[in-house]
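Engineer: As a plain string of letters, each chain reads:
Number of protein chains: 2
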Amino acid sequence: MNDIAQGVLDGVVAAGARAIRWLDDRDPRGADLVRRIFPATGRAQIVGVTGPPGAGKSTLTDMLVTELRSRDLRVGVIAVDPSSPFTGGAILGDRVRMARHALDPGVFIRSLGTRGQAGGLSRSTHDACLVLDAMGYDIVIVETVGVGQDEIDVVNLAHTTIIVGVPGLGDEVQAVKAGLMEAGEIFVINKADRDGYQATQRQYELMLHLREQAAVARDAGWSAPLLRAVATSGEGGKAIADAIFAHRAALEARDGFARRSGLREREQTLAILRERLIARALGAQGQAVLAEAEARRIDPYTAAGKLLAQIDGKDDLA
Amino acid sequence: MNDIAQGVLDGVVAAGARAIRWLDDRDPRGADLVRRIFPATGRAQIVGVTGPPGAGKSTLTDMLVTELRSRDLRVGVIAVDPSSPFTGGAILGDRVRMARHALDPGVFIRSLGTRGQAGGLSRSTHDACLVLDAMGYDIVIVETVGVGQDEIDVVNLAHTTIIVGVPGLGDEVQAVKAGLMEAGEIFVINKADRDGYQATQRQYELMLHLREQAAVARDAGWSAPLLRAVATSGEGGKAIADAIFAHRAALEARDGFARRSGLREREQTLAILRERLIARALGAQGQAVLAEAEARRIDPYTAAGKLLAQIDGKDDLA
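Chains as they are written, first to last, in UniProt numbering: chain U, 1 to 318; chain G, 1 to 318.
Hint data in this document are derived by calculation from the structure and do not stem from the laboratory.
These numbers come from a predicted model, not from an experiment.
All the given hints hold, so there is nothing to weed out.
Which copy is meant is left open, because identical chains are indistinguishable; a pair holds if it fits in one copy or across any two.
The calculated lysine to aspartate or glutamate pairs, modelled on DMTMM-like cross-linking and capped at a C-alpha distance of 20 Å, are:
#1 K238 to E67
#2 K306 to E275
#3 K238 to D138
#4 K306 to D32
#5 K306 to E292
Using the sequences and the accompanying hints, generate a full structural model.
Structural biologist: In structure tokens, the structure reads:
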């Protein structure tokens, strides 16, 4: 284990991959490893990239990696796909388009899929961010699929959140409107060479105006820019990278960078606690109660009450 | 409380609305109410409607409600929007298009928004399904936004899942491919009068063919139909309703209907237990540990371990 933790601290890719797998698998060695590497974390800027399917988030992430590498920064990418059954660090099929970074030692790409359990994915994602942070990556991009609760959990983990839109997707602004709208610190309209760009731009401008009036932005001290991009041709990468650094500087000027890191650790603590408590409640007797609920012989509130009572009767339950 | 439970059993709309709010707010009266109404549940068919943003799920749900009402069935609709901060039964702005059912006593529509907590939304959704079931609605449609983990949780709660696609959305089939693909029992291509319908239809046919070869469908005994719809003009409603009943009959022929209901109660039991355990762990001492984690003075695994130790030392903690 010490070798793996040391490897992570030394930035060894194989060690990082192993550490992420341990943590995603809930291997007990993962917890020990986090204790070892934690003092070396808190430096990387976590950047969330989210938006509706079809907005070109992967291509935009790819463009950003290229831009950040040209500035000599080391970049980690965590691709979060709640609809994918693949987990534990395998690079998904649709990641092949990022293959051009695969041989670059300054880039580390991992995919995380569903944990089959509410909240499990955002816990794994945060663990992976800590590992990449300890490995010395300057920026860790967390890219999501879709617009569900998992995505909101993920962007809430980021220092800086990029919302990617695209012209011509009718419900798109609507999909962004709540939850994610509050979190967005950089808005990008990708595929800006498409028909309908100006109409979409006006919708976003209106939305940002309404957001300002309603004063609901997560980061009240920051004026969120609306940028245009054509990620397939590399257009817009520079401006987005500049905005990422500008937001970091703005956060640091108000101690907001460390505060966001701290909120993540708080949420992570609760997520770990939740998983451990539930694991305890489900010994052999617990399984019998669950079977009663599954047979619909007792309602779920009564069943949960019985499980709680079982825990209370057993102090030595580990 | 007894009045509210009796009101639910009598199908009184105001009682149902109150019950759903109690449960969504985690009011203790909600748990007592579920105990009272539980014996009257297990009859309604829960139908999940999901698919990417822009597929027209709301309009399709509206069409289905009209079709089911024409068959003299009572219909409940729960609109689940994880990106919305509105919760507790308020009808969202975008629900106004369902206004034409608002005065029909055979239709009950509620919206549920984010709980701000992993898994909380699917727990509230299941509670609301139980209430509508006890009120005597024959079909409860659970309509989701987006394609995240929450949506997968929701469709896993349904007896029958409808996946709605739309021509011309490039990543759409991809977004459906895992997680949701396994769950789909009825596939509908909406907006079928649009350009690109035939290409999308071929993609879905191929996907369904691959799914059959891989034998990954959740309901292996059912051959999922691929239907076309133009929900804005009412086209396709009859065929979808027929497929819903055909799937119910197929499930019942193999005891699958009760089995799916039971799996829901099992998941719900775990969700309730998870929420109660975490609430216990967070007394005043617990908050101090969380503050340590938030200040990044201890790592989240160490913090979670301390919280567990606190629980173990306190038998009288309620």
